[in-house]
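K.L.:
So the chains spell out like this:
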Amino acid sequence: MELSRRSFLAGAVALPSLAALAGCAGTVVQPGDLSRLRMMVPASPGGGWDTTARTLQRVIQQAGVARNVQVFNVEGAGGTIGLGQLAREDDDALLMMMGLVMVGAVDTNDSSTRLTDVTPIAQLIAETELIVVPAESPHDDLASFVEAWAADPRGTPIAGGSAGGTDQILAGLLAEAAGIDPVQVNYIPYSGGGESLAALLGNQVAAGISGTADYGEQVTSGTLKGLAVSTAERSGQVPDVPTIVESGFDVEVTNWRGLMARPGMSDDARENLIALVQDAHDSDEWAEALDNNGWLDTFQTGDEYGDFLAEEEIRVRQILTEIGLIP
Amino acid sequence: MGALGDLANGFADALTPINLLWALLGVLLGTAVGVLPGIGPAMTVALLLPVTYVLEPTSAFIMFAGIYYGGMYGGSTTSILLNTPGESSSIMTALEGNKMAKAGRGSAALATAAIGSFVAGTIATLLLALVAPTVVDLAIGITAADYFALAVLAFVAVATVLGSSPLRGLASLCIGLYLGLVGTDVLTGQERFTLGVPQLSDGVDVVVVAVALFAVGECLYVASRLRRGSVQVLDASAGWLTRQDLRRSWKPWLRGTALGFPLGALPAGGAEIPTFLSYAAERKLTKHPEEFGKGAIEGVAGPEAANNASAAGVLVPLLTLGLPTSATAAIILAAFQGYGIQPGPTLLTTEGPLVWTLIASLLIGNFMLLVLNLPLVGVWVKLLRIPRPYLYAGILMFASLGSFAVNADPLDLVILLVIGLLGFLMRRYGWPVAPAVIGLILGPIAETNLRRALAISDGDLSVLVDTWFSRIVLALAFLALFGPIVLRLVKGPRSTPEQLQADGHLEHRDRDDAVPTGADREDRS
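Sequence order for the protein chains is A and B. For the first sequence, my numbering assigns the number 4 to the initial residue and increments by one for each residue that follows. For the second sequence, my numbering assigns the number 72 to the initial residue and increments by one for each residue that follows.
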């Protein structure tokens, strides 16, 4: 792209956004005005929620759905600090990014605000989880690995993301399906997919679980062996890797992400937000973003999404209790 | 050589007037952000991420390169002049750098930091271009047990900053270790010492503690002293780098680079441990042990070089594995992905020209920093001419702003103030503050990796000495800790710690003693 007026504008926009750092996060918005939108990421910059939110921000602005979207981070406690803050908000033009991890975090952190306390807007995307073993591993398929795992669960360290997150939930569900006591799983949490990748490449752990975004490239290039993906369908990023169900275990998990809004908003305000997210979802820019990031399009809105949340809450709580993370 | 040819092409892409403008903007922003306590490069790059939607990749990466290196450099300025590090990796710079500034040698300290950053950044970036694939093969072989050994070695390095009273130093270290325990246990997800406050469940932010202990503590301490006696205006005139300074700086620059680049390339390395180790190494190797703690230039040159070299090291796993090991790297990764580029083993073959352009931009940004900052040294030093009440009020304001801006949560200000009061009391009663921050950084690294190593081995302790890396590093730590004691037993008792430090360097003690140390004017103004 040639340097154009737009790029100068971008610079001009970037500078004041530094000024926004100074804590003046609140913008004066008329009721019902969604041309200026705020999006809270209840996690640190650089993570999965942050990436998704900033991608959505780009799509909304490029597709002209809203004029100005401001993304800000409220870190802490698996997102429940952001959730608590959302519960105290009265701004209708505020969306919060969240996902499966928050469902578990509400329980593990014993959060006083629960997901049922805020308003579900839409599920946006899901990432496929990928189970891998180091290239040196003797196992080429999931059944062979699970057999060895069941024989010696403590001696089979499995690396993944932070404790209580999607990766550990999947490890617990798979153990259960394979007849292994979930408490016996030797799960080694690493911060983010990156660190566990190093442990896998160094052949320090028996297996690893993370998103296809973290491991997919390694599986394609042959430095890791992909055993199974967690979704119902195979992933476009690693089409040769079978699903867990294909491998003979009845487990299906997607690392989904969605949007919530403040509690107690009017039906109109909620419909407006849903319509805005729907517009962003229907844009060409979003389709391209899904493709670039290898995201599954699991779009659902409103009450349908609320029902889905309720089911996930039950399932996640059950497995986290069995693993022993919540009493 | 193919790599050099590719790099030349990278320069050709990066060196357009418009791109140079972006580099300048990035360097300016990065330096500004580094100077402000509490606002880190990660946040800045995240805020600027939207520019990638309209810029072509080359321009965006050039700007990010400027911000990245600029942020690393900017932190050292406030560390040296005001004893208020903006990032945790510039804490070690504050130790000697601020003493130099108080002795009127602020210009020399800033200059050695600027040139050291440039030298280290350039060498490390070239290493990144030439040996990244080799380094990364070694880096992924590093196990949890190896990290634990490294943390043990870094703990030994703390011994060099304990100050005149080892007991107070150790107590300060324990405060840091305790603060490091607060939060959610990484391995089990259980909360520890959070007092039921949800905001504490992710632990106490290192940057907030560092800003509180150094900046707020320093402000309160200075304020408490203002009434007694006239306010001393620091003499900033005493010159530029002398030839002797250069002679004492170049080895620490190279040693700092040698420590910073490989440790930065480790998937869980970070920028702090190399600065600790570099400081300790300089203190052991110096020919002027009596100046350490009073403003030794080696103590600025080494850690600053290590800091910038590790910044380039972090890019090794990012570019070769797609593995971000710092928050800033994670956002740069997001920027890559925004252009539909997936860093990883195949990046160099699929997106070769872009990677070489990025590396060229890093070199350009690094050079611009030097060009920008050397002339500015004189301006920065004038900061010290600002009457102290205004100066420290300004520092307090920026410290609060920086801590508040991260989460916009008033509780962060309370934490800042409480720990700041602690910092004031520690200064008042002669407890060194650096060990507390080091404990806070190292404690969790040591604990997590020890427990992770034991979990992987299912409780078998021998895993800790299972690799050559851990054996060598632990042996080094053992030597550094017990070597001096054994030496003392052999050579007979000595009276002061200074003399103990000077062991083996006695013959040099009176050489090169022209540097005014200003120790007598120190602190109690």
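Possibly wrong hints are sitting among the right ones.
[Claimed, not checked] Residues of chain B clear of chain A, computed beta-carbon distances all greater than 10 Å:
hint: 1; residue: Ile-213
hint: 2; residue: Arg-263
hint: 3; residue: Lys-365
hint: 4; residue: Gly-423
hint: 5; residue: Val-485
hint: 6; residue: Arg-523
hint: 7; residue: Ile-527
hint: 8; residue: Trp-539
hint: 9; residue: Ala-551
hint: 10; residue: Ile-556
hint: 11; residue: Leu-558
[Said to hold, decoys possible] Computed beta-carbon distance windows for the label pairs:
hint: 12; chain 1: A; residue 1: Ala-313; chain 2: B; residue 2: Ile-457; range: 47 to 53 Å
hint: 13; chain 1: B; residue 1: Asp-256; chain 2: A; residue 2: Glu-139; range: 43 to 49 Å
hint: 14; chain 1: A; residue 1: Asn-295; chain 2: B; residue 2: Leu-266; range: 51 to 57 Å
[As the list claims (entries may be wrong)] A few chain A positions that, by computed beta-carbon distances, are all more than 10 Å from chain B:
hint: 15; residue: Phe-75
hint: 16; residue: Ala-80
hint: 17; residue: Thr-111
hint: 18; residue: Gly-167
hint: 19; residue: Ile-191
hint: 20; residue: Pro-192
hint: 21; residue: Glu-236
hint: 22; residue: Arg-273
hint: 23; residue: Asn-295
hint: 24; residue: Ile-317
Since the hints were made in silico from the structure, they are not lab data. None of these values were measured; they are calculated from a predicted model. Backbone N, C-alpha and C define an ideal beta-carbon position, used for all residues, glycine too.
K.L.:
Next, verify each hint and record whether it holds.
P.N.:
Verification of the hints:
1. The beta carbon of Ile-213 of chain B is not kept farther than 10 Å from every beta carbon of chain A, the shortest such distance being approximately 7 Å.
2. Against chain A, the non-interface label of Arg-263 of chain B holds: every CB pair exceeds 10 Å, the least being about 13 Å.
3. Lys-365 of chain B, annotated as away from the interface, keeps every beta carbon of chain A farther than 10 Å; the closest lies near 37 Å.
4. Listed as a non-interface residue, Gly-423 of chain B keeps its Cβ farther than 10 Å from every Cβ of chain A; the least gap is roughly 16 Å.
5. At roughly 15 Å, the least C-beta separation between Val-485 of chain B and chain A is larger than 10 Å, which holds for a residue marked as non-interface.
6. Distance check on Arg-523 of chain B: its Cβ comes as close as 6 Å (rounded) to a Cβ of chain A, failing to clear the 10 Å threshold; non-interface status is violated.
7. Against the 10 Å criterion, Ile-527 of chain B falls within the reach of chain A, whose nearest CB is about 5 Å from its own CB.
8. Every CB of chain A is more than 10 Å from the CB of Trp-539 of chain B (nearest about 14 Å), matching its label as outside the interface.
9. Residue placement check: Ala-551 of chain B keeps its beta carbon more than 10 Å from all beta carbons of chain A (closest about 27 Å).
10. In this structure Ile-556 of chain B is separated from chain A by more than 10 Å, as the shortest Cβ-Cβ distance comes to about 35 Å.
11. Interface exclusion of Leu-558 of chain B from chain A stands, the closest Cβ pair being 38 Å apart, more than 10 Å.
12. As the Cβ distance of Ala-313 of chain A to Ile-457 of chain B is approximately 59 Å, the hint placing it in 47 to 53 Å is violated.
13. Asp-256 of chain B and Glu-139 of chain A have their C-beta atoms about 31 Å apart, which leaves the hinted 43 to 49 Å range violated.
14. Checked against the given bound of 51 to 57 Å, the beta carbons of Asn-295 of chain A and Leu-266 of chain B, roughly 43 Å apart, lie outside it.
15. The claim that Phe-75 of chain A lies off the interface is violated: its Cβ sits roughly 7 Å from the closest Cβ of chain B, which falls inside the 10 Å cut-off.
16. Once the 10 Å rule is applied to beta carbons, Ala-80 of chain A is inconsistent with being away from chain B; the minimum gap is 4 Å.
17. For Thr-111 of chain A, the non-interface assignment is contradicted: its Cβ lies about 5 Å from the closest Cβ of chain B, within the 10 Å cut-off.
18. The non-interface label for Gly-167 of chain A is inconsistent with chain B: the shortest C-beta to C-beta separation is roughly 5 Å, within 10 Å.
19. Against chain B, the non-interface label of Ile-191 of chain A is violated: not every CB pair exceeds 10 Å, the least being about 6 Å.
20. Not every Cβ of chain B is farther than 10 Å from the Cβ of Pro-192 of chain A; the closest lies at roughly 6 Å, contradicting the non-interface assignment.
21. Every CB of chain B is more than 10 Å from the CB of Glu-236 of chain A (nearest about 21 Å), matching its label as outside the interface.
22. The claim that Arg-273 of chain A is not at the interface with chain B holds, since no C-beta of that chain comes within 10 Å of its own (minimum 25 Å).
23. A Cβ of chain B approaches the Cβ of Asn-295 of chain A within 10 Å, the least distance being about 5 Å, so the stated non-interface status is violated.
24. Once the 10 Å rule is applied to beta carbons, Ile-317 of chain A is consistent with being away from chain B; the minimum gap is 20 Å.
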